[in-house]
Amino acid sequence: MSDDSHRIRVLMVDDHPIFREGIAAVLAAQSDMELVAEAVNGEAAIAAFRQFRPDITLMDLQMPGMGGQDAIHTILGEFPDARIIVLTTYEGDVQATRALRAGAVGYLIKSTLRKELLFTIRQVHQGHRHIPGDIARVIAEHVTDDALSMRELQVLGHVAGGLSNKRIATHMGISVETVKTHMKSILAKVNASDRTQAVVIAMRRGIIDA
1 MSDDSHRIRV LMVDDHPIFR EGIAAVLAAQ SDMELVAEAV NGEAAIAAFR QFRPDITLMD
61 LQMPGMGGQD AIHTILGEFP DARIIVLTTY EGDVQATRAL RAGAVGYLIK STLRKELLFT
121 IRQVHQGHRH IPGDIARVIA EHVTDDALSM RELQVLGHVA GGLSNKRIAT HMGISVETVK
181 THMKSILAKV NASDRTQAVV IAMRRGIIDA
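Counting from 1, one number per residue, gives the positions in the sequence shown under full-length UniProt numbering.
Honestly, the hints are just simulated from the structure, not real lab data.
Take the hints with a grain of salt, since some may be wrong.
Calculated pairs, DSSO-like style, for lysine-lysine (alpha carbon to alpha carbon, straight line, at most 27 Å) [claimed, not checked]:
1. Lys166 / Lys180
2. Lys184 / Lys166
3. Lys166 / Lys189
Go ahead and model the full structure; you've got the sequences and the hints to work with.
As structure tokens, this is what we get:
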């Protein structure tokens, strides 16, 4: 067994206890890794990082209270050398891009953990970045896309919630024609032919939350 001083010390941040238990079991079987702490949301992650100063943090993005992205910003603001790997169920390029811009150095889809978790932890600990090839390709495909404006994101969120143009207009305090103008721009930017397809694409890419 490796000397404790040379083990990779890991902080696990996720609000699902069964998922954390699974990760803990995998790490426990590794002679060069040690799970030093667990947290269920962003606030707890920051506190645990301050206390344990882990080598690697595995960070879920979608959690109750403070989410992973805000926790990443806060931790890196205090500890610029922190090495954070995002774990998420979302394969969207927008979600990945946000996490990487926040300062994450690794990105893993939960469905691929069995194959990639241990390799990614070791790669990131050695100073490398790790982004799955499929996600890297999608990011490259959309790197020149026009981003949706805040207003367009709001309109699309309401569409995803099942609201009609008239109800969206009332809710946002704008005219129905303005809603239609926003929708036309949204369809062009996400390359969709109708409202339903726009919502599906936006959820898949992480533009809006599923």
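Structure-based check of all given hints:
1. For the hint linking Lys166 to Lys180, the alpha-carbon distance of about 10 Å falls within 27 Å, and the restraint holds.
2. Simply put, Lys184 and Lys166 have alpha-carbon atoms about 15 Å apart, close enough for the 27 Å limit, and the pair holds.
3. As the CA atoms of Lys166 and Lys189 are separated by approximately 22 Å, the hinted pair is consistent with the 27 Å bound.
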